[in-house]
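Construct the complete structure from the given sequences, taking the supplied hints into account.
Top line first, the protein sequences correspond to chains A and B. According to the numbering used here, the residues represented by the first sequence are 1 to 375, in order. According to the numbering used here, the residues represented by the second sequence are 1001 to 1609, in order.
It is worth saying that the hints were derived from the structure and are not from the lab. Just so you know, not all the hints are guaranteed correct.
Unchecked claim - Subject to a maximum C-alpha distance of 27 Å in a straight line, what follows is the list of computed BS3-like cross-link-like pairs (lysine-lysine): (1) A:K256 <-> B:K1323; (2) A:K26 <-> B:K1247; (3) A:K19 <-> B:K1176; (4) B:K1133 <-> A:K75; (5) B:K1184 <-> A:K26; (6) B:K1133 <-> A:K82; (7) B:K1049 <-> A:K19; (8) B:K1521 <-> A:K26; (9) B:K1545 <-> B:K1523; (10) B:K1176 <-> B:K1104; (11) A:K75 <-> B:K1531; (12) B:K1198 <-> A:K75; (13) A:K45 <-> B:K1176; (14) A:K206 <-> B:K1336; (15) B:K1531 <-> A:K343; (16) A:K207 <-> B:K1336; (17) B:K1323 <-> A:K343.
Said to hold, decoys possible - Using C-beta positions, here's what the derived DEER-type ranges look like: (18) A:L79 <-> B:S1379: 56 to 62 Å; (19) B:M1236 <-> A:V362: 25 to 31 Å; (20) B:L1067 <-> A:Q358: 42 to 48 Å; (21) A:Q358 <-> B:S1379: 51 to 57 Å; (22) A:Q315 <-> B:G1063: 26 to 32 Å.
What the hints assert, rightly or not - Stretch-level coverage of chain B by chain A, calculated; a stretch enters the list once three of its residues show a Cβ under 8 Å from a Cβ in chain A: (23) 1003-1009; (24) 1135-1145; (25) 1304-1314; (26) 1327-1339; (27) 1342-1352; (28) 1432-1443.
Since we're looking at a predicted model, the values are computed, not measured. The C-beta atom is built at its ideal place from N, Cα and C for all residues, glycine as well.
So you can see what is in the structure, the chains are spelled out below.
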Amino acid sequence: MAHSYTPGLKVLQETIIDKERRLPLKGTVTVEKGQSVTPDDIVAKTELPGNVQMVNVANQLNIDAIDVSEAMIAKEGTLVSKDEMIAETKGLFGFFKSNVTAPVDGTIEVISDTTGQVVIREAPIPVEIDAYMQGIIKDVIPEEGVIIESEGVFIQGIFGIGGESRGDLAVIVDNREDEITEDIITPELAGKIIVGGSFISLSAFKKAIQMKIAGVVVGGFNYYDLEDILGYILGVAITGSENLGTSLILTEGYGKIRMGRRTFELLKRHHGKFASVNGSTQIRAGVIRPEIVIPLSKDQLKGEHKDADASEGIQAGSLVRVIRAPYFGRMGTVIDLPSELRKMESETMVRIAIIEIQGENVEIPRANLEMIETD
Amino acid sequence: MELRSILATDCGSTTTKAILIEKIDGEYRLAIRGEAPTTVEAPFEDVTKGVLNAVMEVEELAGRKLLDGDQIITPRKGDEGVDVYFSTSSAGGGLQMMVAGVVKGMTGESAERAALGAGSIVMDVLASNDGRKPHEKITRIRQLRPDMILLSGGIDGGTTKHVVELAEILAAANPKPRLGQNFKLPVIYAGNKNATDKIIETLGKITDLDITENIRPVLERENLKPSRDKIHDLFMEHVMQQAPGYKKLMSWTDAPIMPTPGAVGALIEMVAEKENISVVGVDIGGATTDIFSVFQKQFNRTVSANLGMSYSICNVLAETGLKNVLRWVPFDIDEKELTNRIGNKMIRPTTVPQSLEELIIEQAIAREALRLSFIQHKSFAVNLKGVQKERTISDAFEQTDSGESLVDMMELDLMVGSGGVLSHAPRRQQSARMLIDSFLPEGITQLAVDSIFMMPQLGVMANIENEDLAEVARKAAIEVFEKDCLIRLGTCLAPVGTSKSGATVLTAELMLPGGATERYKIKFGEIIRIKAPYEPIKAKLTPGKGMNIGAGKNESIETTIYGGVVGIILDGRGRPMKIPTDPQQRISDLTKWSEAVQEYPAMQDQGLG
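In structure tokens form, the structure reads like this:
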């Protein structure tokens, strides 16, 4: 049977979700294998080396680099406070002395007799990693982090901003075609993950930020409005470090595009449940898509899993979404995957799939199809 | 050593491409090509799987056995296997470096040139005079996590203070490599030799320090090769060792694996040297655009890290502005909707243009990506600043002012395009027009595209050090490059200067194959395409009043030019070229130029233009 590998986004109602939580530098893991964790639990911590200030003592005292060691009052390894004198010249008969003070609190790390520079390192910066989602510690990576396992709903979006967030899920529209408008973003939604249909406007998203909404999951948003939110034009899709307070996850793309039926229905079914979301997106080799995780308790699980890594590709009968004009955003069923190349209107020769979209059979380049992986 | 059968792969970020070269009737030709998705990322995390899949495709098409289980059969046993196997790689983001020099425009620039020439992406150039405070530099080093750092600075015997200061900044940052938390970061020192002891003292313990010859031993001379070689060695020893499956791949190859752009550069350098010509090569990818040039026997490479056709397509839009893209589109379009469409290409980078409208927009963006990349290249490919120049190639050549761009479009002989949007454009006329519009060649310039992007594999073959293999592999690379790699599009004849509408800017008398002489006159603002195959054509070119076709204003030239699959393109739009700002006039001109070369013949049928 004809078969084609097509990247797809996961919309899974029940699966095992593994999350690696890793420190940027080696440190201490604070939990044990098998332990249950909630999203706010700290699982690992470390200290990043403090910021460094370099002081050119030779220049400031107008002496040669080789004489800096002698002029230093504070030696290597000494703790110094801001404005504390760290070096002084002998002066002339005890007069006309020049000195240098520490610009920050820190430790004298290096005194260089080649350059006359003194390196002062500030106190280490503590870093803690939380669990992000509810689950069990599946594995401990010694000194580096943990892998947390959870069971539940796993949905990937196509693009997001705003990093990690969490809260109760609130589906605030009736249909997947509906927009999230300003008037339906109310104060009682603060701290929640709100779910809409096809679109959220710039003004509505700004209101969501203002109302301290934890996250917004919606079909589309205008690309050109991102600049207003981010403060710069997004040139490459690498996001996650924005400090917005409200994460935004688009399930379909830029523009007004109704949310995929299965995605919408799945989210609707879990209205009110606690969810963890991550808007971080990286579209490069090693792609990272934004995600929505809804951990489910044992009594909520039916026990019919699908492996989250399964990527079987499309074949006749597969449900797919068209991801480029002229049928952008439409869903259809694969009828056939002819092996020979076909010429498109653009005269590009491509491998195609024949898709049935609302009773009509159309030819679409396979590269313009996205598999919707469902269970 | 006689080679009858050569297998070479290029492991790209998304696709691994394999080519099989065979010696047929005394000459080397491309026999078969195959490809498969690259398998560096999860769930496979072993690059050799993608290599084996690509070779398996070659094996099936060749109808002979190349693999024995999970092994490439080498050396050849009768009809089975190949004599040698080579590979290049840019998977996993390629080689990412940070370079440092004392003066940004001097040793900083030399270090950057060495790193780029070795095939690296340069993430940042640190310099004593770059305007950043030490703590800002330290923060930057920590953020970037490069694969390695090249530290240079000072001429031999000069002051050591500044370069040691840079080393102290590096030490304070205590940088970590991108791959492998447990390894020390490789640092190459290629600066003032008198500072070597101090550098070892400062960086020896906390980094994996390697010392090589000074990149700028005296102000008047650059010495890039030792640093380039050292970068290649460390790429193999450190970076590749950390990447999944590369240890195994390295054990298979008969020569060191080269970074893909380094191999392409080596090939372009070789072609320019062999033919004694000036060459510009461009590879426009999804994330980056690489430009290579050889002018006055000097090789330069630049990478525009965020100008590309998919992952970085929105950055092209951000850098050039929507207006500059739209000036290449011969129809009206809703601007806001267009930005959403381009945004959607960025987040779904593997899609292809199905409609003609989408294709035209994509090719308009490509023109801007190429144009901006070339501006960056021109400003980087310059003579050594502040001195009368002399570089690694000792041949005598014309002296020009210091700091002046080496890129002289009138001097350019051959332009080679590669990358999906150029190599796979549905019509070759489209590739020719994109190259002409974005690079604006002057005078007489041959145009070509790399048919299936096999320059990396041929580049690694052209750059082999093993004496037993070097000569024959180089011969094979040259033969395949000329016969199978390049698709000759033709020649662009573009007189320089401006004129009045309707005035003749060039008269071309061409003795076409078969002996007939034909005369063409091109008026200002027009384009003419003459169909002619890739064969020598005697030409007498007479520029219009005030115009220059290569011999000076108003001077005629008698020369030999070549046609190609597109033919000869007479570009009468003048240099500098201006596109009308009035929308109606612009659409009318764009449509006229398109029709002249049959770029989009179906445009009218689709209701566009």
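Original post:
Is the straight-line distance between the alpha-carbon of B:K1531 and that of A:K343 27 Å or less?
Top reply: Holds - the C-alpha atoms of A:K343 and B:K1531 are around 24 Å apart, at most 27 Å.
Subject >> Given pair status - A:K82, B:K1133, alpha carbons within 27 Å >> reply: holds, 19 Å
**OP:** Determine whether the Cβ-Cβ distance between B:L1067 and A:Q358 falls within the hinted range of 42 to 48 Å.
**Re:** holds, 47 Å
**OP:** Verify the proposed pairing of B:K1545 with B:K1523, using a straight-line Cα cut of 27 Å.
**Re:** holds, 12 Å
Original post:
Would you say the region 1304-1314 of chain B counts as covered by chain A, given the rule of at least 3 residues with C-beta under 8 Å?
Top reply: Held - the region 1304-1314 of chain B has 4 residues with a Cβ nearer than 8 Å to chain A, which meets the minimum of three.
**OP:** Take a quick look at whether A:K45 and B:K1176 sit within 27 Å of each other, Cα to Cα.
**Re:** Roughly 19 Å separates the two Cα atoms, so the pair holds.
Original post:
For the region 1327-1339 of chain B, do three or more residues have a beta carbon lying closer than 8 Å to a beta carbon of chain A?
Top reply: As far as the region 1327-1339 of chain B goes, the hint holds, because 3 residues have Cβ atoms under 8 Å from chain A.
Original post:
Are A:K206 and B:K1336 close enough, with their CA atoms no more than 27 Å apart?
Top reply: holds, 20 Å
**OP:** Closer than 8 Å, Cβ to Cβ, for at least three residues: run that test on the region 1003-1009 of chain B against chain A and report holds or violated.
**Re:** violated (count 0)
Subject >> Agreement of A:K207 and B:K1336 with the hint, judged by alpha carbon distance not exceeding 27 Å >> reply: Holds - the C-alpha atoms of B:K1336 and A:K207 are around 22 Å apart, at most 27 Å.
**OP:** Please test the hint of 26 to 32 Å on the beta carbon pair from A:Q315 and B:G1063.
**Re:** Given a distance of about 29 Å, which is inside 26 to 32 Å, the answer is holds.
Original post:
Keeping to a limit of 27 Å between CA atoms, is the pair of A:K75 and B:K1531 held or broken?
Top reply: violated, 80 Å
Of the numbered hints stated above, those contradicted by the structure are hints 8, 11, 17, 18, 19, 23 and 28, listed in ascending order.
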